[in-house]
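**Q** Chain by chain, the residues run as shown.
2 protein chains.
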Amino acid sequence: MENLSDIGEDALIARLLKQVPISGKGIIIGSGDDCAVTEYSKTHYELLKTDAVIEGVHFLPEENPTRVGWKAIARVISDFAAMGGRPKWFMVTIAIPTSCSVRYLENLYTGMGKCMETHGGILVGGETTRIPPGSSLMISIAATGEVKHDELVLRSEGKVDDSIYVTGKLGGSISGKHLDFQPRIDQASWLVKNFKPNAMMDLSDGLAKDLPRLAKASSCGLILEKNNIPGSLNCNLDQALNNGEDYELLFTVDVNRSEKLENEWRKKFPKLLLTKIGSLVNKQIGESLNGGWDHFL
Amino acid sequence: MENLSDIGEDALIARLLKQVPISGKGIIIGSGDDCAVTEYSKTHYELLKTDAVIEGVHFLPEENPTRVGWKAIARVISDFAAMGGRPKWFMVTIAIPTSCSVRYLENLYTGMGKCMETHGGILVGGETTRIPPGSSLMISIAATGEVKHDELVLRSEGKVDDSIYVTGKLGGSISGKHLDFQPRIDQASWLVKNFKPNAMMDLSDGLAKDLPRLAKASSCGLILEKNNIPGSLNCNLDQALNNGEDYELLFTVDVNRSEKLENEWRKKFPKLLLTKIGSLVNKQIGESLNGGWDHFL
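Chains as they are written, first to last, in this note's numbering: chain H, 20 to 316; chain L, 20 to 316.
Pulled out of the complex, with its shape left as it was, chain H reads as follows (with noise of 0.2 Å):
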């Protein structure tokens, strides 16, 4: 019998979704990006967006609950600043053990709230639930957010001759900042008003993974300029590349504004690193590129 690890995440995804109804009135991006997209107000547009971080998968159980609590957050935040929007209403889902003590989820809400008050959002509804015991615990956070028609940004949109882009540095994720990361809701913005991305997305399952999803959904290929690739201290290629959780802006800008991009994002966020790593090409002559994070394989 066929087990997930026969397939892997994306190849399951197509055949569950063939089970189910998928498209109707108002929806103009269902899955298949960071977030769901369906028509709102003359102004702008909802997005949708869930996801969960398991205990022993995402965290470990000796960690400190406030972290865990900020990441949950923080991760579907990213998702927002990934389409050009940002976050609304939240509700959040705990599966517990009823072993589990209340400072601990207290703690856990705290770390949600501070996420919240810093980079946006409201809670208005979830649900704690219990699970067997020897399960893990796990935090499925569910949000809509925003976004101004003219400012959404999708991964499928790049163009033949793009430069690609990403903030930050990449890899090495596991030693602290899958935890403490900043979402790059304010650089994502700015970006939107002043450099529109023809694609965007965050960086989740490392570069490796995620950079030809990029290109596959805009029907291009890539070029990758190696030796830019920005790591993290200490750091190699292969890490950069594979680690994920970097939770960074992946882009791309047309070639002629390349160079004004630069510049100006040295002006506006003079401590974070922008980093032309290639350039999206005729699909037939992009090279290929394998690896970084799959939840089954």
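I should point out that these hints are in silico values taken from the structure, not numbers from a laboratory.
Fair warning: this is a prediction, and the values are worked out from it, not measured in the lab.
Warning: the hint list may mix true and false statements.
To be verified - Restricting the straight-line Cα-Cα distance to at most 30 Å, the calculated cross-link-like pairs of lysine-lysine (DSS-like) are:
hint, chain 1, residue 1, chain 2, residue 2
1, H, Lys133, H, Lys212
2, H, Lys196, L, Lys37
3, L, Lys37, H, Lys107
Take the given structure of chain H and dock chain L to it, following the hints.
**A** Then chain L, alone, in the frame of chain H:
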């Protein structure tokens, strides 16, 4: 150290909500009703809901996954019904061990799809993520719905002297109904258009738990006519009050409209019982009612 089993679900939630931002412009109702309600358009509110079903808690490992999928979606639709609304966009998060078969998951989605096709809703996103071996499979559903401004019903607007009604029969859900139930979405829709209830909710934790919640939210007491409670076949009063997972509507209407409601209901829904089970009264003279399902006690 204080554990979850020391304080119970309602007290826990009250403590957790102190840690996060919960108020903001555009929120009509936050945590505490069947769904959150937010501003949406000139004619409609948006409903927001998240709900999880967990292997070993809400269904048995050997259960047919198609039925489990149906249940996961139907529970959420039942909550939209309880507000007078309808479902719109769904996101499904599944946390699974990698040893799970692709076929099992496909059947789970088939059940979810059947329920959406029958009662409404479109899948726009979600996630599959792995859990450590030995953990329970978990399905977390997040959804948005909508309700017309003048058809929104809360659990908190019941009035002294209102008649209290339930649909269907209570208790014994574990023998099968908890998996195969039909959410009362059409009945709720007819009610809000024709006999708008003052208060309404869906019965998920048992009448003994949920009716006091409705009464308390409405600042009323309650008188229960125990002899009138419509028990399922082979269920005694205790089971009808406490088993939970009935997924029937519990609502209150002005006593002067009771007779007309009962007559018209019989014509409109001849196959579904509607039973007056008591009245809301001044909170000083109401009786107390304890029991039902609590996730942590």
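**Q** Taking each numbered hint in turn, which are not upheld by the structure, reported in ascending numerical order?
**A** Of the numbered hints given earlier, the structure breaks none, since each of them holds.
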